[in-house]
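Residue numbers (the working numbering), protein chains in the order written: chain A, 1007 to 1318; chain D, 1007 to 1318; chain Z, 1007 to 1318.
Accuracy of the hints is not assured; some may be wrong.
[Stated by the list, open to error] Among the chain D residues that face chain A by a calculated CB cut under 8 Å, a handful are:
1. 1040
2. 1041
3. 1045
4. 1048
5. 1049
6. 1050
7. 1070
8. 1097
9. 1098
10. 1101
11. 1152
12. 1153
13. 1154
[Said to hold, decoys possible] So these bits of chain A aren't anywhere near chain D, every CB distance computed over 10 Å:
14. 1179
15. 1225
16. 1289
What the hints contain is simulated information worked out from the structure, not anything from laboratory work. For each residue, glycine too, the CB sits at the ideal point set by N, CA and C.
Each chain is listed here by its residues.
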Amino acid sequence: MAPGAGNPAALSGSVRSMPLRYDTVTFMSDYGHTDEFVGVVHSVIRSIAPEAEVVDLTHGVAPHDVRAGGLVLARSVQYLCPGVVLAVVDPGVGTARRAVAVEVGDGQSVLVGPDNGLLAPAVAMCGGATRAVVLDDAEYHLPSPGPTFAGRDVFAPVAAWLCSGVPLESLGSLVDPAGLLPGILPVAHVDDTDPSVLVAEVLWVDGYGNAQLNVDPDEIDTLVGADEPVELSFADVTRVAQRAASYAEVPTGGVGLVVDSYGLVSVVVDRASAAGELGLVAGAEVRLRAVDAASGSSGGVSVSIGDPGRRP
Amino acid sequence: MAPGAGNPAALSGSVRSMPLRYDTVTFMSDYGHTDEFVGVVHSVIRSIAPEAEVVDLTHGVAPHDVRAGGLVLARSVQYLCPGVVLAVVDPGVGTARRAVAVEVGDGQSVLVGPDNGLLAPAVAMCGGATRAVVLDDAEYHLPSPGPTFAGRDVFAPVAAWLCSGVPLESLGSLVDPAGLLPGILPVAHVDDTDPSVLVAEVLWVDGYGNAQLNVDPDEIDTLVGADEPVELSFADVTRVAQRAASYAEVPTGGVGLVVDSYGLVSVVVDRASAAGELGLVAGAEVRLRAVDAASGSSGGVSVSIGDPGRRP
Amino acid sequence: MAPGAGNPAALSGSVRSMPLRYDTVTFMSDYGHTDEFVGVVHSVIRSIAPEAEVVDLTHGVAPHDVRAGGLVLARSVQYLCPGVVLAVVDPGVGTARRAVAVEVGDGQSVLVGPDNGLLAPAVAMCGGATRAVVLDDAEYHLPSPGPTFAGRDVFAPVAAWLCSGVPLESLGSLVDPAGLLPGILPVAHVDDTDPSVLVAEVLWVDGYGNAQLNVDPDEIDTLVGADEPVELSFADVTRVAQRAASYAEVPTGGVGLVVDSYGLVSVVVDRASAAGELGLVAGAEVRLRAVDAASGSSGGVSVSIGDPGRRP
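Chain A with its partners taken away, still in its complex shape (with noise of 0.2 Å):
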């Protein structure tokens, strides 16, 4: 509206002449919708680079949850447009944690972010880091009154500079690329005492209450053969689930395991929430069994849950 000498337009003339070298920022955050972030990012962008496009991925990963931020990118990667990736969950903001940039596909897309693991899983997915460089260069920042709004400042500048044709170098300082902080994924493992155990962990709730875990169904095919029903035991709570190709197909009461969206399996029950039924959270360990197996051990009984005379 009325820019002052930080105003980032100012600093090259020519920059609306240049032919775009990305059309697209894809952003994700832990902003949420109640404060005007996710805003004020956008006016900066396209302040810098107004043809381009800006694409919200999601402002809803848990305030400062580094590892659900990952997830959604790594959920979403394959479906992005080249181009941007703009992704902020940044706890440390004004500490000595490094801004980033991370080019893959030899410079077909550029990951934006903190060096604190959000990227991680992402850029493994693309096939790994071809470039990257340490945000170091204030000239393409905007000026700070405090330090911790970088997606501001920093992030989203730098997005739209890489949009208007910006080289990746020019941004800071070339840093090898194996020394970004990676990202741990928990990956499922057989039990070690007892091999007919597969101890998995929930990666993700979504907002119906779908609860997905680091299996592959083959895993479980393999585990207790195709279409058999599995027993999860988790906390204090034993299930036996259903295998099904849908939720409808969920008997009402009990409880499915589906191959969902991503070719993983989800715990879920039918137009309900499972993880508020069953009490599954993110990162919670979930162990799977033969039903046969888990009868010598806990007797295998199926409990349908909740109070039927609620269900509807």
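With chain A's structure known, arrange chains D and Z on it following the hints.
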């Protein structure tokens, strides 16, 4: 970012040079903003039809609430840009429920979504369907790792291909629009046993707590006379509501009936949630009659709501 | 979809060939994302000015909270693209409160919204209004089924017509900007009876729980010395807060004061909600003084917040 064999843009190298058939996709769903579902759908559309604009109508429909989603479309349809309407409230995803594209206005617009009644009220308000197809040509879908995210894998690509100029009839099998699942909307009616009573229903409680009834202001004028107060009864509550032209006209502590922005009658209070204070929810039955008529049977006492001590 | 006689695009068949006067509408409101209000406003703007881009600043302002909305604009205005700012927090909709368009910077931007103080802080930050009109020419509005959705029926079409090149003075009657309702923002001040105390107020609690005070860091340096801790008192709580350069510098269990991204002082804790742990809300009075000064009267004991056992 790193699209595989299923990359929709690879389906036809020439798509970007075709003129846009539609330039707007209006998108509504029950996806919420916590997860990345909305953003992934945007990305898929943009990867196929980069020139099309996606307008998010709302993604705040309660999960699986097909009726509420149908009402969102019905309230909005006269304000929407011509083009494609992408609507996903789809508890039956992955089952035999059909995925459809429904043309209205001889091609002015196309509504894309599940055939579960969601689209029906809007289609009716546009004068009915002129053509309809079942989306059974998988060439225009994305390959699905699992069947549970039809918004991403079926509806979004179809919406985008429609924008890009793919003819409706290429997307699947033409079907008789008369066979689409209808949407049933409740109609207010005079009580069978007491002709002084209009039996209505709460269609919608908005984010401010205003409770829209399926009642036209003329119906109330006929029932009680213009500008006359109305007795409302629901559950075990009876209240007298004053007619008002705006929220601010409703006296503090009182209940008002205003003609809302859709021309229907809404139950409101000033600067607070009528639904919260009165306990009204979507689908609740509300009985209306003149205060005079009521006085014989129930005393017609106007009780102000809430504890006056906690009102501003 | 099926526009009737009120279709705004029909108002002037030549509108699309006019050059855009403004290409950006920045849109903020208290509409939330549960209902379709935001999406309908987008649709109306697009139907009139299809080339204009709508940037959503936020729609998460608490319902009817005009002060909070004014602060959102004040915090954001220096980062916004020139153009039209559409702001709707409007509890007096449908009453005699005026709908206005306020020009700043001799036409660089125009703010559109209710004349209830919402726009005033941002207008002041832009150097004051250069012209203002009351939006009393209904030719540029949509026909309204009811008076309660001025965002759709008045403000959105006016914002779009401004983009399309309609001159400000065509939209209604020019009025003296000095007659617009001012926005009153609280100023921190030294306590009348105790000059060692700075009386401040919480302006804003953001989604992370950081509590912004109406205090400049220089004021605190003057009060207690640079980098010195500060005693905070509010309600019946007294805490000692350490000065910190980032959230992460605040010790676990402690309270910090950081210079936030707007150059004001915020009360924070590391990776948790300061407002939640301390009971701070927008509008609360907070008294600040040096720990030395405090020691005479209240002992100056630093009490760590929360149960250390539940901190990470």
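To see whether the hints hold, each was checked on the structure:
1. 1040: It holds, given that the least Cβ distance between residue 1040 of chain D and chain A is near 4 Å, below 8 Å.
2. 1041: Since the shortest Cβ distance to chain A is 5 Å, the answer is holds.
3. 1045: holds (4 Å)
4. 1048: Check passed: Cβ of residue 1048 of chain D comes within 5 Å of chain A, closer than 8 Å.
5. 1049: holds (5 Å)
6. 1050: holds (6 Å)
7. 1070: Cβ of residue 1070 of chain D sits 5 Å from chain A, so the hint holds.
8. 1097: Check passed: Cβ of residue 1097 of chain D comes within 5 Å of chain A, closer than 8 Å.
9. 1098: holds (5 Å)
10. 1101: Since the shortest Cβ distance to chain A is 5 Å, the answer is holds.
11. 1152: holds (4 Å)
12. 1153: holds (6 Å)
13. 1154: holds (5 Å)
14. 1179: holds (25 Å)
15. 1225: holds (15 Å)
16. 1289: The assertion about residue 1289 of chain A holds, with a minimum of 17 Å to chain D.
When the structure is compared with the earlier hints, no violation turns up for any of them.
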